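In order, the protein sequence lines correspond to chains Z and V.
If you're matching positions, the first sequence starts at 459 in the numbering used here and goes up one per residue.
If you're matching positions, the second sequence starts at 213 in the numbering used here and goes up one per residue.
Simulated from the structure, these hints should not be mistaken for lab results.
Being a predicted model, the structure only gives us computed values, none of them experimental.
Hints may be right or wrong, so weigh each one.
[As the list claims (entries may be wrong)] Sample of chain Z residues lacking proximity to chain V, with all beta carbon distances greater than 10 Å (derived):
1) D460
2) N481
3) T492
4) D496
5) T506
6) E535
7) E555
[Said to hold, decoys possible] Once the Cα atoms are required to be at most 25 Å apart in a straight line, the calculated DSS-like pairs of lysine-lysine come out as:
8) Z:K550 to Z:K505
9) Z:K558 to Z:K577
10) Z:K580 to V:K251
11) V:K313 to Z:K484
12) V:K313 to Z:K558
Just so it is clear, CB atoms sit at the ideal spot from N, CA and C, and this is done for glycine as well.
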Amino acid sequence: MDLKKIKILVVDDFATMRKVIRNLLKQSGFENVTEAEDGVVALNILKTTKVDFVISDWNMPNMTGIELLRSVRADAELSKTPFLMVTAESLKENVVEAVKAGVSDYIVKPFTHEVLGEKIDKIMKNVN
Amino acid sequence: MDVKFINPFLEGTVEVLTKMAFVNPKPGKPYLKKNNLAKGDVSGIIGITGTIRGSLALSFSTGSILKIVSNMLGEEITLINGDIRDAVGEITNMVSGAARKRIEAMGYSLSASIPTVVSGKEHSIMHVMGGPSVVIPFEMEGGSFVVDVCMGDPQ
């Protein structure tokens with residue numbers, strides 16, 4: 459599978475931030491991107507569409523990023539989906555919680571498209 | 213306000229805008245501001261609490277913020293709209309996070325509120341601690357902006 463063609467789901471309650479991440483992904487060569495505004499919408503998309511990779515914000519209404527991660531890992535069909543968590547700050551307790559919940563990796567805002575691309579490449583190599 | 217808190221905000225601003233908006237803002241000489249008047253056309257403000265209380269405002273000229281957000285979104289934006297206001301909130305949030313990370317490395321514990329965004333000519337910025345505030349002016353392609361910060365004494 460061509461790594462750059464993977465389908466990426468970007469989950470963030472801010473439409474602007476979803477556009478920013480989409481723009482950074484484009485610069486790293488990833489153009490097959492879909493979006494969700496919270497964990498509930500994201501979970502529906504994941505259950506009905508084939509998604510290869512999830513990039514999710516932490517703080518969101520309805521269902522937070524960590525709740526979405528736990529739901530994904532608890533679902534037999536989705537449990538292996540690569541999951542990159544985006545956080546506004548590198549709070550140790552957040553990182554520990556995400557690792558315990560089975561996050562593939564995390565990335566702290568602000569980040570460059572190079573760092574984002576490297577994280578995706580690394581996670582996908584481990585999956586394959 | 214202790215001058216050692218100026219650099220974390222300066223460096224945090226440069227880090228966020230360089231990484232997310234691919235611009236190269238050049239800081240000028242910081243100065244004291246005694247009134248509430250914003251220096252720019254659109255401002256994001258965020259409260260900071262913890263062992264030091266205070267607030268941070270980023271106030272952008274129209275030219276600078278149109279360039280920044282156009283770069284961030286990968287599409288040209290020509291007027292101050294909802295995308296701009298949302299982006300200013302996100303930038304303020306990220307600068308606050310990047311600055312707090314640096315201040316926490318000095319041994320303080322901080323958290324931040326949710327940013328608010330105000331736009332319009334000659335709007336005001338109300339700092340949590342009242343003022344005066346320290347203003348760090350920046351010049352970049354497209355225009356100027358300022359970081360306007362007012363931090364109290366550590367508790």
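Structure-based check of all given hints:
1. Interface exclusion of D460 of chain Z from chain V stands, the closest Cβ pair being 22 Å apart, more than 10 Å.
2. Against chain V, the non-interface label of N481 of chain Z is violated: not every CB pair exceeds 10 Å, the least being about 4 Å.
3. Interface exclusion of T492 of chain Z from chain V stands, the closest Cβ pair being 17 Å apart, more than 10 Å.
4. The beta carbon of D496 of chain Z is kept farther than 10 Å from every beta carbon of chain V, the shortest such distance being approximately 16 Å.
5. At roughly 28 Å, the least C-beta separation between T506 of chain Z and chain V is larger than 10 Å, which holds for a residue marked as non-interface.
6. For E535 of chain Z, the requirement that its beta carbon stay farther than 10 Å from each beta carbon of chain V is met, with the minimum near 33 Å.
7. No Cβ of chain V comes within 10 Å of the Cβ of E555 of chain Z; the nearest lies about 17 Å off, and the non-interface call holds.
8. Proposed proximity of K550 of chain Z and K505 of chain Z is contradicted: the alpha carbons are some 31 Å apart, above 25 Å.
9. Between K558 of chain Z and K577 of chain Z the alpha-carbon distance is near 19 Å, which keeps this suggested pair within the 25 Å criterion.
10. Annotation: proposed proximity of K580 of chain Z to K251 of chain V is violated, straight-line Cα distance about 44 Å (limit 25 Å).
11. Under the criterion of a C-alpha separation no larger than 25 Å, the hint pairing K313 of chain V with K484 of chain Z is inconsistent with the structure, at around 29 Å.
12. Between K313 of chain V and K558 of chain Z, the direct Cα distance comes to roughly 23 Å. Compliance with the 25 Å bound is thereby established for this hinted pair.
Hint check: violations occur at hints 2, 8, 10 and 11; the rest are consistent with the structure.
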